[in-house]
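J.: These are the residues of each chain, in order.
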Amino acid sequence: MSNLEASFSMFKNVNLLIYIGKGVLFTLIIAVIAVLLGIVIGSVLAILRNYCNHGPYRIFRWLATMYIEIFRNTPLLLWIFICVVFCPSPAMFNRKIFGLTSVEAKLLWKAAVALILFTSSVTAEIIRGGLNSVAHGQFEAAHSQGFNIVQTFTLIILPQAFRNVVPTLLSQVITTIKDSSYLANVAVIELMARVKQVLSAASQYNGTGAIHTSDVFVLFGFAALIYFIINFSLSLVVRNIQAKRKRRPRVAAE
Amino acid sequence: MSGIFSARAWDKVWTYRSTFALGLFNTVRTAFFGILLALVLGIIFGLMATSGKKPLKFISRVYVEIIQNTPVLLQCCFLYYALAFSNHSIGIILTGIISLGVYTGAYMAEVIRAGIEAIPVGQFEAASSQGFNYIEKMYYIILPQSIKIILPPMVNQVVNLIKNTSCLYIIGGADLISLTYSFVTGENTGGAYAPAYIVSGLLFFVICFPLTKFASTWEAYLKKMDQRIQFAQHTTIEEGVAANE
Chain A
1 MSNLEASFSM
11 FKNVNLLIYI
21 GKGVLFTLII
31 AVIAVLLGIV
41 IGSVLAILRN
51 YCNHGPYRIF
61 RWLATMYIEI
71 FRNTPLLLWI
81 FICVVFCPSP
91 AMFNRKIFGL
101 TSVEAKLLWK
111 AAVALILFTS
121 SVTAEIIRGG
131 LNSVAHGQFE
141 AAHSQGFNIV
151 QTFTLIILPQ
161 AFRNVVPTLL
171 SQVITTIKDS
181 SYLANVAVIE
191 LMARVKQVLS
201 AASQYNGTGA
211 IHTSDVFVLF
221 GFAALIYFII
231 NFSLSLVVRN
241 IQAKRKRRPR
251 VAAE
Chain B
1001 MSGIFSARAW
1011 DKVWTYRSTF
1021 ALGLFNTVRT
1031 AFFGILLALV
1041 LGIIFGLMAT
1051 SGKKPLKFIS
1061 RVYVEIIQNT
1071 PVLLQCCFLY
1081 YALAFSNHSI
1091 GIILTGIISL
1101 GVYTGAYMAE
1111 VIRAGIEAIP
1121 VGQFEAASSQ
1131 GFNYIEKMYY
1141 IILPQSIKII
1151 LPPMVNQVVN
1161 LIKNTSCLYI
1171 IGGADLISLT
1181 YSFVTGENTG
1191 GAYAPAYIVS
1201 GLLFFVICFP
1211 LTKFASTWEA
1221 YLKKMDQRIQ
1231 FAQHTTIEEG
1241 VAANE
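Taken in sequence, the protein lines are chains A and B. Each residue of the first sequence is one higher than the last, beginning at 1 in the numbering used here. Each residue of the second sequence is one higher than the last, beginning at 1001 in the numbering used here.
Looking at chain A on its own, in the form it has when it is part of the complex (with noise of 0.2 Å):
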């Protein structure tokens, strides 16, 4: 199989390799971006459908609870070509930064902000069966010591939310590395996008003039190994934090 060699002899070309890493960097980043952002705007989507049960205020109930249902239920892909038109982009990403085409960066900007409203309609779900493994005697009793109702959510209740959801958000990670990748359909930026700009021009790289099959398989399988080793060692660690808990667990609180 000498295309087979053709095709692994692209891996001795260091700026493709360089080219690749980028792509591996933005994908991490865009993804721990996306879930952190999806962190805050979650809470408080969560808070909101949650909570405001009385009077005019269930007016942000039913906001919170159409925008998680609507992010919920419609593909992220829309979402990134929704904001690629009508989502405005700040002056400061409109230029070349981080080796990026001033193009690209504000696909980039754009795409991932698609991605922050999308992933955080599904941490607000997280977030919110957090909050519902709270016991209310929680709320009394915070209320009961005299504290008013932003330190009662800041101090008492989003810290044993967040401590019961910390193994799922870690699984939102995962999915939002992965669903990164839908990126690639607008702009080349992360490991997607980037190893399928490297297949479309392997003809130059491996030698042969020609685009094999084994160039197929050798540079996907190298997204896909390295996807997997993101993913599955932070499989890990959400099954060592599932199974720790599973030993000790806290005293039920009656």
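Incorrect hints may appear among the rest.
Here are some chain B residues the structure puts well away from chain A; computed CB gaps all over 12 Å [as the list claims (entries may be wrong)]: (1) Val1040; (2) Met1048; (3) Lys1057; (4) Leu1079; (5) Met1225.
Distance ranges between label pairs, derived from CB positions [stated by the list, open to error]: (6) A/Gln138 with B/Tyr1221: 24 to 32 Å; (7) A/Ile70 with B/Tyr1139: 38 to 46 Å; (8) A/Leu17 with B/Leu1202: 43 to 51 Å; (9) A/Leu17 with B/Phe1025: 41 to 49 Å; (10) B/Tyr1221 with A/Arg245: 20 to 28 Å; (11) A/Ile18 with B/Met1225: 23 to 31 Å; (12) A/Arg58 with B/Thr1015: 35 to 43 Å; (13) A/Gly209 with B/Leu1211: 48 to 56 Å; (14) A/Met66 with B/Asn1133: 48 to 56 Å; (15) A/Leu28 with B/Ala1114: 42 to 50 Å; (16) A/Tyr51 with B/Arg1008: 16 to 24 Å.
Partial list, derived from the structure: chain B residues whose beta carbon lies under 8 Å from chain A [claimed, not checked]: (17) Ile1066; (18) Asn1069; (19) Pro1071; (20) Leu1073; (21) Phe1085; (22) Ser1086; (23) Tyr1169; (24) Ile1177; (25) Ser1200; (26) Phe1209.
Calculated directly from the structure, the hints in this document are not laboratory data. Quick caveat, the model's predicted, so the values are computed rather than measured. Note that beta-carbon positions come from the ideal geometry of N, C-alpha and C, so glycine has one too.
Following the hints, position chain B against chain A.
T.: Using the frame of chain A, we list chain B on its own:
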């Protein structure tokens, strides 16, 4: 530009309604056969994972881990280009059905494994002691008990599969999202961004929302029943203690 309230843009969408109908048809077709494939794979690998035989468990584990830890978009591309460059191209829709089916199959396998493992071991032993063979045991004893646990997460996976049909876009796309995009960027049809995206988003929402609603309602119901059972057991134990005293 393309205001939401521009009558001309809406008119354009209405004129080309057959594009959206075709996209919807392709999405539904891909999703339907993808779900069938996912179910078959999920049942096979789910049963292998709970069979208690080491090699079978290992094979199922490898399948689930490899598929769940790589993006569906990558798998789809892999399959499509590997077939295309070796001159065995099987078409976009079929590629989508296979890659989505294999991807969701891994999640189905996990759901089914969890559902079967939630059944107490005593049920398996009791069935075996009554002379049920493997298929009878699974069909008459285990399935009726685990189906209610399995169903909500399974429906969520179905929704994910329907949403993931948009990954067809990268291999040349014939699904709803791809056709919507080529509609709004097309030379003759272009421009009607807002109405076109609203229409295709709405179509997805109309299909997916009832499914997620069903799953979450069922899950809430199961949780309530669970608490009631726990409460009942709790009180009977307390009554028993009281009676003994």
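J.: Compare the structure with each hint and give your call.
T.: How the hints compare with the structure:
no., hint, in the structure
1, Val1040, "holds (23 Å)"
2, Met1048, "holds (20 Å)"
3, Lys1057, "holds (16 Å)"
4, Leu1079, "violated (9 Å)"
5, Met1225, "holds (16 Å)"
6, A/Gln138 with B/Tyr1221: 24 to 32 Å, "holds (25 Å)"
7, A/Ile70 with B/Tyr1139: 38 to 46 Å, "holds (40 Å)"
8, A/Leu17 with B/Leu1202: 43 to 51 Å, "holds (45 Å)"
9, A/Leu17 with B/Phe1025: 41 to 49 Å, "holds (43 Å)"
10, B/Tyr1221 with A/Arg245: 20 to 28 Å, "holds (26 Å)"
11, A/Ile18 with B/Met1225: 23 to 31 Å, "violated (57 Å)"
12, A/Arg58 with B/Thr1015: 35 to 43 Å, "holds (41 Å)"
13, A/Gly209 with B/Leu1211: 48 to 56 Å, "holds (50 Å)"
14, A/Met66 with B/Asn1133: 48 to 56 Å, "holds (51 Å)"
15, A/Leu28 with B/Ala1114: 42 to 50 Å, "violated (29 Å)"
16, A/Tyr51 with B/Arg1008: 16 to 24 Å, "violated (44 Å)"
17, Ile1066, "holds (7 Å)"
18, Asn1069, "holds (4 Å)"
19, Pro1071, "holds (4 Å)"
20, Leu1073, "holds (4 Å)"
21, Phe1085, "holds (4 Å)"
22, Ser1086, "holds (4 Å)"
23, Tyr1169, "holds (6 Å)"
24, Ile1177, "holds (5 Å)"
25, Ser1200, "holds (7 Å)"
26, Phe1209, "holds (5 Å)"
Hint compliance for this structure: hints 4, 11, 15, 16 are broken, all remaining hints hold.
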